[in-house]
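> Each chain is listed here by its residues.
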Amino acid sequence: MTQTTESRVTDAAYFVQGLLDGIPICLGYLAVSFAFGIQATSMGLSVFEATLISITNVTSAGQFAGLSVIASCGSYLEMAGVQFIINLRYMLMSAAISQKLSPKVSTGKRMLMACGMTDEIFGICISRPRELVPSYCYGATVISVAGWVLGTFLGAFSGELLPHSLSEALGVALYGMFIAIVVPVARENRAVLITAIIAMALSTLFSFAPLLSAISPGLRIILVTLITAGAAALLFPIEIKEA
Amino acid sequence: MSGNIYIYIAVMAIVTYLIRVLPLTLIRSEIKNPFIRSFLYYVPYATLTAMTVPAIFTAAKSLYSGLAAFIVALFLSFLRRSLLTVAAGACLTVFLAEALIRAM
Numbered sequence: 000m001t002q003t004t005e006s007r008v009t010d011a012a013y014f015v016q017g018l019l020d021g022i023p024i025c026l027g028y029l030a031v032s033f034a035f036g037i038q039a040t041s042m043g044l045s046v047f048e049a050t051l052i053s054i055t056n057v058t059s060a061g062q063f064a065g066l067s068v069i070a071s072c073g074s075y076l077e078m079a080g081v082q083f084i085i086n087l088r089y090m091l092m093s094a095a096i097s098q099k100l101s102p103k104v105s106t107g108k109r110m111l112m113a114c115g116m117t118d119e120i121f122g123i124c125i126s127r128p129r130e131l132v133p134s135y136c137y138g139a140t141v142i143s144v145a146g147w148v149l150g151t152f153l154g155a156f157s158g159e160l161l162p163h164s165l166s167e168a169l170g171v172a173l174y175g176m177f178i179a180i181v182v183p184v185a186r187e188n189r190a191v192l193i194t195a196i197i198a199m200a201l202s203t204l205f206s207f208a209p210l211l212s213a214i215s216p217g218l219r220i221i222l223v224t225l226i227t228a229g230a231a232a233l234l235f236p237i238e239i240k241e242a
Numbered sequence: 000m001s002g003n004i005y006i007y008i009a010v011m012a013i014v015t016y017l018i019r020v021l022p023l024t025l026i027r028s029e030i031k032n033p034f035i036r037s038f039l040y041y042v043p044y045a046t047l048t049a050m051t052v053p054a055i056f057t058a059a060k061s062l063y064s065g066l067a068a069f070i071v072a073l074f075l076s077f078l079r080r081s082l083l084t085v086a087a088g089a090c091l092t093v094f095l096a097e098a099l100i101r102a103m
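As they're listed, the protein sequences go chains A and B. Under numbering that gives the first Met the number 0, the first sequence has 61 at position 62, and the numbering climbs by one with no breaks. Under numbering that gives the first Met the number 0, the second sequence has 26 at position 27, and the numbering climbs by one with no breaks.
Everything labelled a hint here was simulated from the structure, so no lab data went into it. You may find that some hints are simply not true.
[Claimed, not checked] Think about it this way: if two alpha-carbon atoms lie no more than 25 angstroms apart in a straight line, the pair counts; the simulated SDA-like pairs of lysine to any residue are:
1) A:Lys-99 <-> A:Ile-125
2) B:Lys-31 <-> A:Gln-16
3) A:Lys-99 <-> B:Lys-31
4) B:Lys-60 <-> A:Ala-200
5) B:Lys-31 <-> A:Ala-200
6) B:Lys-31 <-> A:Pro-102
7) B:Lys-31 <-> A:Gly-122
8) A:Lys-99 <-> A:Tyr-75
9) A:Lys-103 <-> A:Ala-200
10) A:Lys-103 <-> B:Tyr-16
11) A:Lys-103 <-> B:Lys-60
12) A:Lys-108 <-> A:Ile-54
13) B:Lys-60 <-> A:Ser-215
14) A:Lys-108 <-> B:Leu-21
15) A:Lys-99 <-> A:Ser-215
16) A:Lys-108 <-> A:Tyr-13
17) A:Lys-108 <-> A:Leu-19
18) A:Lys-108 <-> A:Ile-125
19) A:Lys-99 <-> A:Ser-74
20) A:Lys-99 <-> B:Lys-60
[What the hints assert, rightly or not] Covered by chain B, according to a simulated footprint, are these stretches of chain A (three or more residues, beta-carbon under 8 angstroms):
21) 19-31
22) 77-90
23) 137-151
24) 209-215
Glycine residues also receive a C-beta, built at the ideal position from the N, C-alpha and C atoms.
When you get a sec, could you build the whole thing from the sequences and use the hints?
Here's what the structure looks like:
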């Protein structure tokens with residue numbers, strides 16, 4: 000077997016492994032993006048527009064926040080600011096993934112990998128033993144994004160047909176997913192627990208206190224994040240470990 | 000809606016992609032600044048929590064069903080159930096709680 004054929008075979012094996020590991024993510028995304036599709040069409044977006052958002056963004060929190068900016072007729076600058084802050088975490092994730100790649104991985108491959116950098120795909124990619132092979136990331140991305148886009152389409156398409164009680168219930172799927180990301184970490188890590196408690200308190204204060212409640216939802220999330228993560232970074236600086 | 004929906008979508012997509020692609024293609028060495036590293040570490044937890052609370056309480060018609068969904072999701076995720084289980088548990092709770100409230 001020549002060197003090229005052999006590396007192609009391993010690439011295919013990594014791709015399939017990524018596909019398999021991505022199945023639970025795909026199922027989770029189906030449920031959450033279904034809720035996104037329902038919410039998008041209930042706010043007046045077309046099925047095509049809702050699906051286009053999911054294809055081009057692939058980010059739950061950012062897309063839901065984007066909907067609220069569109070609904071409140073926010074400016075394009077507010078939209079950019081909201082997306083920047085809410086998705087800022089991807090910067091850390093991408094930076095972490097860059098440390099796990101061979102320096103030989105081309106810029107083109109890195110640009111492809113960036114398309115699907117979500118919390119969950121990051122999670123399975125960063126926990127790979129040894130070096131990360133781009134094909135593994137592609138496999139996980141393909142199946143997860145397929146679930147994300149299909150779920151959005153189905154939700155947007157059938158949202159109006161579903162009884163209100165059902166679409167209302169599906170509306171909390173996203174919050175359930177967020178809780179499922181934060182709580183297991185907060186359980187082990189006191190600093191994250193305190194961060195979450197501060198964020199809850201501030202977010203509630205900003206939502207209901209006089210004057211503060213006049214701030215738009217997008218800006219509220221930006222401010223709460225900046226204050227909370229800034230305070231947590233000062234109070235509980237994380238230790239720098241050599242990977 | 001006052002703005003153009005396609006401009007909104009383009010802004011969302013471009014900003015989000017740039018955030019993802021720039022570190023992957025540009026950063027080839029480790030970030031050393033401890034404050035930036037710590038700040039970025041805490042960002043997801045702060046954002047996700049701020050997006051969930053208090054929004055989850057007003058997601059359903061009744062405050063009580065939102066509250067019940069919150070408690071069930073906390074409980075299931077504390078037991079380290081999967082993303083899908085926690086999301087489904089929260090949905091089911093709202094569905095049942097709203098049905099119960101209507102029946103009363």
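> Next, verify each hint and record whether it holds.
Hint check results:
1. A:Lys-99 <-> A:Ile-125: 7 angstroms, holds
2. B:Lys-31 <-> A:Gln-16: 33 angstroms, violated
3. A:Lys-99 <-> B:Lys-31: 16 angstroms, holds
4. B:Lys-60 <-> A:Ala-200: 23 angstroms, holds
5. B:Lys-31 <-> A:Ala-200: 31 angstroms, violated
6. B:Lys-31 <-> A:Pro-102: Since the Cα atoms of Lys-31 (chain B) and Pro-102 (chain A) sit roughly 19 angstroms apart, the hinted pair holds (cutoff 25 angstroms).
7. B:Lys-31 <-> A:Gly-122: Measuring from Cα to Cα gives roughly 22 angstroms; hence the hint holds.
8. A:Lys-99 <-> A:Tyr-75: Cα-Cα ~35 angstroms, so violated.
9. A:Lys-103 <-> A:Ala-200: 46 angstroms, violated
10. A:Lys-103 <-> B:Tyr-16: Measuring from Cα to Cα gives roughly 22 angstroms; hence the hint holds.
11. A:Lys-103 <-> B:Lys-60: 54 angstroms, violated
12. A:Lys-108 <-> A:Ile-54: 19 angstroms, holds
13. B:Lys-60 <-> A:Ser-215: 22 angstroms, holds
14. A:Lys-108 <-> B:Leu-21: 13 angstroms, holds
15. A:Lys-99 <-> A:Ser-215: The given pair, whose Cα atoms are some 38 angstroms apart, is violated under the 25 angstroms limit.
16. A:Lys-108 <-> A:Tyr-13: 15 angstroms, holds
17. A:Lys-108 <-> A:Leu-19: 21 angstroms, holds
18. A:Lys-108 <-> A:Ile-125: OK: Lys-108 (chain A) and Ile-125 (chain A) at ~17 angstroms, within 25 angstroms.
19. A:Lys-99 <-> A:Ser-74: Violated. Lys-99 (chain A) to Ser-74 (chain A) sits at ~38 angstroms, over the 25 angstroms cutoff.
20. A:Lys-99 <-> B:Lys-60: At roughly 46 angstroms apart (the allowed maximum being 25 angstroms), Lys-60 (chain B) and Lys-99 (chain A) break the hint.
21. 19-31: holds (count 6)
22. 77-90: holds (count 11)
23. 137-151: violated (count 0)
24. 209-215: violated (count 0)
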